[in-house]
Amino acid sequence: MSAAKVEATVPDKPVEDEPQVISVVSLKTPVLLTVVAVALLAAVLLGSQAGDTTFRLSTRSDFFELPEITVPAEGTALGAVVVMLLLAAESWRRYATRKRTPGWVAAVYAVVGLVGFLSWAAAGGTVPVVGLLAGALALAVPLVFGALGGVLGERAGIVNIAIDGQLLAGAFAAALVGSVAGSVWAGVLGAMVAGVVVALILGVFAISCYVDQVIVGVVLNVLVIGVTSFMFTQVLAPNTAELNTPPRFSAWAIPVLGDIPLVGPILFRQTPIVYLLYVAVAVVTYALYRTRWGLRVRAVGEHPKAADTVGINVNRTRYRTVLIAGAIAGTGGAFYTLVSVSQFNREMTGGAGYIALAAVIFGKWDPIRATLAALLFGFASNLQGVLSVLGSPVPAQFMLMLPYVVTVFAVAGLVGKSRAPAAVGLPYRKG
Amino acid sequence: MQLTLRDITKRFGSLVANDRISLTVEPGEIHCLLGENGAGKSTLMNVLYGLYQADEGEILLDGEPRKFSGPGDAIAAGIGMVHQHFMLVPVFTVAENVMLGNESTGLAGSLDLDAARRRVREISERFGFHVSPDAVVEDLPVGVQQRVEIIKALSRDAKVLVFDEPTAVLTPQETDELMQIMRQLRESGVAIVFITHKLREVREVADRITVIRLGKVVGEASPKASNAELASLMVGRPVELTVHKDPPRLGDDALVVEGLTVADETGLVHVNDLSFTVRGGEVLAVAGVQGNGQTELTEALLGLQQHVLGSIRLDGHELVGRGVRSILDAGVGFVPEDRQVDGLVGTFSIAENLMLDRSFGKPFVQLGAVDRGRLRAFAETKLKEYDIRAPGIGTKAGNLSGGNQQKVVVARELSKDLRLLVAAQPTRGVDVGSIEFIHQQIVAARDSGIPVVVVSTELDEVVALADRIMVLYRGQVVGIVPADTPRDVLGLMMTGERPTEVVA
Chain V
0 MSAAKVEATV
10 PDKPVEDEPQ
20 VISVVSLKTP
30 VLLTVVAVAL
40 LAAVLLGSQA
50 GDTTFRLSTR
60 SDFFELPEIT
70 VPAEGTALGA
80 VVVMLLLAAE
90 SWRRYATRKR
100 TPGWVAAVYA
110 VVGLVGFLSW
120 AAAGGTVPVV
130 GLLAGALALA
140 VPLVFGALGG
150 VLGERAGIVN
160 IAIDGQLLAG
170 AFAAALVGSV
180 AGSVWAGVLG
190 AMVAGVVVAL
200 ILGVFAISCY
210 VDQVIVGVVL
220 NVLVIGVTSF
230 MFTQVLAPNT
240 AELNTPPRFS
250 AWAIPVLGDI
260 PLVGPILFRQ
270 TPIVYLLYVA
280 VAVVTYALYR
290 TRWGLRVRAV
300 GEHPKAADTV
310 GINVNRTRYR
320 TVLIAGAIAG
330 TGGAFYTLVS
340 VSQFNREMTG
350 GAGYIALAAV
360 IFGKWDPIRA
370 TLAALLFGFA
380 SNLQGVLSVL
390 GSPVPAQFML
400 MLPYVVTVFA
410 VAGLVGKSRA
420 PAAVGLPYRK
430 G
Chain P
0 MQLTLRDITK
10 RFGSLVANDR
20 ISLTVEPGEI
30 HCLLGENGAG
40 KSTLMNVLYG
50 LYQADEGEIL
60 LDGEPRKFSG
70 PGDAIAAGIG
80 MVHQHFMLVP
90 VFTVAENVML
100 GNESTGLAGS
110 LDLDAARRRV
120 REISERFGFH
130 VSPDAVVEDL
140 PVGVQQRVEI
150 IKALSRDAKV
160 LVFDEPTAVL
170 TPQETDELMQ
180 IMRQLRESGV
190 AIVFITHKLR
200 EVREVADRIT
210 VIRLGKVVGE
220 ASPKASNAEL
230 ASLMVGRPVE
240 LTVHKDPPRL
250 GDDALVVEGL
260 TVADETGLVH
270 VNDLSFTVRG
280 GEVLAVAGVQ
290 GNGQTELTEA
300 LLGLQQHVLG
310 SIRLDGHELV
320 GRGVRSILDA
330 GVGFVPEDRQ
340 VDGLVGTFSI
350 AENLMLDRSF
360 GKPFVQLGAV
370 DRGRLRAFAE
380 TKLKEYDIRA
390 PGIGTKAGNL
400 SGGNQQKVVV
410 ARELSKDLRL
420 LVAAQPTRGV
430 DVGSIEFIHQ
440 QIVAARDSGI
450 PVVVVSTELD
460 EVVALADRIM
470 VLYRGQVVGI
480 VPADTPRDVL
490 GLMMTGERPT
500 EVVA
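In order, the protein sequences belong to chains V and P. Residues 0 to 430 in numbering that gives the first Met the number 0 are what the first sequence spells out, letter by letter. Residues 0 to 503 in numbering that gives the first Met the number 0 are what the second sequence spells out, letter by letter.
One thing to keep in mind: the hints can contain errors.
[Stated by the list, open to error] Below, a list of computed lysine-lysine pairs in the DSSO-like style, where the Cα atoms sit at most 30 angstroms apart:
| no. | chain 1 | residue 1 | chain 2 | residue 2 |
| --- | --- | --- | --- | --- |
| 1 | P | LYS158 | V | LYS304 |
| 2 | V | LYS429 | P | LYS66 |
| 3 | V | LYS304 | P | LYS415 |
| 4 | V | LYS304 | P | LYS395 |
| 5 | V | LYS429 | P | LYS197 |
I should point out that these hints are in silico values taken from the structure, not numbers from a laboratory.
Kindly generate the complete structure, drawing on both the sequences and the hints.
Below you can see the structure in the form of structure tokens.
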């Protein structure tokens with residue numbers, strides 16, 4: 000007694016077994032590319048700069064001297080703007096046909112834009128390319144250490160907002176211990192211990208007490224600022240000679256490697272703490288991807304319960320990782336007092352820890368990429384410094400914003416699809 | 000290895016999840032643990048696996064009392080578990096998942112991935128699993144992920160293997176293959192505990208059956224017992240296993256979907272060029288293995304998806320591109336697949352949850368304030384009408400049982416002027432008594448002349464409710480077939496095979 004007989008309908012095209020992808024385009028890239036190009040054009044037209052710009056590619060002491068390159072300032076800048084607008088147009092064209100802007104467009108755009116900007120901003124002067132890049136590396140050192148610490152912590156599932164606190168505590172301890180012991184290496188050790196102490200507090204609250212990790216991190220940063228500022232005014236400042244005059248690392252040129260043109264002076268005529276950084280990046284990368292420890296760290300950050308069900312102690316693994324991360328970030332703090340400034344000042348990190356955190360995200364939780372991201376931020380900071388020395392027409396206040404503007408654009412605009420460790424920020428409770 | 004549980008008791012506060020449960024499983028035997036959701040089966044197995052500590056009672060292996068303070072101890076003692084929610088790290092490869100917690104290492108603490116790959120291949124070949132050690136787990140079909148879980152347990156030399164609701168996520172074909180694997184494991188001398196609430200599977204593979212209800216063992220049953228006998232033992236009263244419904248009185252084409260494509264923000268297509276029509280007074284049941292686009296389809300119907308191409312027309316009005324509220328106002332009722340996440344606010348009272356979708360104005364909000372009297376009267380009525388078992392309308396929704404929570408959702412969605420009902424997994428995690436009730440409500444909605452779309456991964460539910468069945472595979476329509484299509488045909492369609500001469 001069936002009612003209306005139901006007919007089967009079957010589509011006549013074959014069933015696809017492979018995942019299908021359509022392109023989801025966003026306005027972000029073409030708009031960003033257009034805005035930056037127009038901004039540069041406006042700057043060139045409004046702040047007319049006459050003369051030539053020289054790019055110097057080597058230092059005086061180089062074994063091989065590379066020639067200097069001299070270009071007309073305004074012409075180069077305008078040429079760069081034209082290329083940038085063409086690339087932006089290409090990006091719009093792809094948007095209109097529902098295609099993504101490929102990476103090479105953005106990369107070429109960035110290089111051309113930078114050259115154009117530099118030749119305009121430094122018109123009539125010389126851009127020391129080596130100094131610019133070597134300085135960028137130096138400024139990036141604490142950021143890279145901080146980012147490595149951040150990557151490790153987050154890979155294990157602990158959000159480490161307290162990077163800034165760890166850097167600052169590290170800087171403080173390095174100055175104090177270095178001064179008292181009269182040894183830079185003692186200072187580095189002190190910085191590591193200080194970073195571990197901050198990490199331990201983070202761990203106790205975040206892992207054992209299930210407190211919201213973001214809140215603990217922020218509170219820790221404020222706490223470290225308070226404690227170090229107090230100690231600075233009450234203890235260090237009155238006894239500067241004994242307690243706040245740490246020895247400084249001097250640069251070691253590595254034989255042979257240091258003589259390579261361009262690369263040598265940038266990478267291999269640095270202080271030992273920079274070489275320590277190279278080692279740290281390599282070791283963290285290897286450990287995270289190639290060792291049992293790293294496999295367990297990643298498992299704990301992705302799916303803690305799965306790790307628990309195969310007999311891994313989730314919280315012990317997290318503690319261990321967070322403490323190691325604290326030691327790494329603390330080492331970065333030592334850079335401030337043992338290399339760049341040679342004494343502790345209150346709040347001397349200037350929020351670098353937050354930039355390091357941005358590098359973690361921009362670097363998609365990968366030690367190598369996070370390092371590159373931190374280098375980019377270091378470059379932005381140094382560019383600001385170099386240009387203010389050259390006397391660029393851009394107001395100094397704007398230039399000071401540069402590293403932070405780059406950070407915001409990098410994280411908001413260019414990251415694209417990135418996936419955090421699945422269990423990051425979630426305390427693990429049994430049952 | 001013989002496993003004995005003796006008088007296991009586990010309490011959570013005042014709730015006794017396991018009340019003196021005793022059980023013996025012999026090597027080379029499949030022992031079924033049958034019980035409804037919430038009967039305490041999973042709690043018992045978590046006690047066995049060391050995830051929970053029993054308050055009383057003991058676990059014996061080959062007659063020796065054992066204490067497990069964590070899963071590590073249980074694994075070392077030879078207990079393996081295939082969890083209901085797979086305990087696999089989605090971004091790891093098969094080999095990495097299998098070796099996790101049991102890694103062999105080489106120089107400088109480096110992982111010996113080759114050893115893990117060999118182990119996976121060896122076990123995979125022994126049981127004919129066809130699992131590649133280098134595949135990333137999240138890219139694998141659910142059935143294969145489950146085999147990875149089995150390989151994981153076997154690679155640790157498990158002698159007792161617990162399967163916790165293993166078939167919930169499988170196609171009928173995959174279920175058959177799993178049954179075959181379980182028999183194979185039994186032949187190799189493994190003691191198997193098979194936890195389920197599906198009667199058909201129990202009768203197919205079980206050597207012995209223990210039925211649990213409300214945390215207590217209520218009896219042993221023979222695998223030869225009938226479905227009705229097993230069901231009444233499990234529920235505690237005779238149960239109606241079929242849904243009574245009259246032939247549909249079909250109206251006009253009401254919901255017309257054409258060329259619907261839904262992608263996520265990476266551009267991956269989850270619903271691929273779907274076209275179908277649902278007439279008034281008709282239930283279209285969407286069948287398919289979980290994760291084949293059902294979630295995205297229902298969310299697109301409600302305007303919850305961002306990247307949607309094609310057209311969805313309800314009574315001639317286009318829905319694509321409209322906001323959720325505008326679609327709700329157009330008369331779409333939506334029972335989401337996860338009531339805890341999308342259906343209810345757990346910390347709100349039943350009354351507040353009943354007005355969630357109508358918080359913008361009349362009838363419950365006057366001049367920006369909630370009309371409490373009207374809401375109370377409405378909630379009291381619904382509480383009775385839908386037989387929601389709760390102390391009162393002020394009870395927090397989060398404190399209700401799964402079945403009663405779902406009744407709250409259904410009551411809310413059916414209480415407005417409906418033009419379309421979309422119900423996703425309407426009875427998942429709901430007790431048998433509530434299932435009957437919810438099914439009746441859905442059939443009543445259909446009989447009132449509105450189009451109904453039911454999405455379910457339970458074939459029994461699909462067959463019970465459907466006037467027509469649409470099978471999805473990887474976001475595509477494999478076919479739209481009559482409700483009386485044989486199960487094995489539906490099962491094949493769920494693996495992407497077009498129905499051919501069978502329905503012609």
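Going through the earlier hints one by one, which of them does the structure break, listed in rising order?
3
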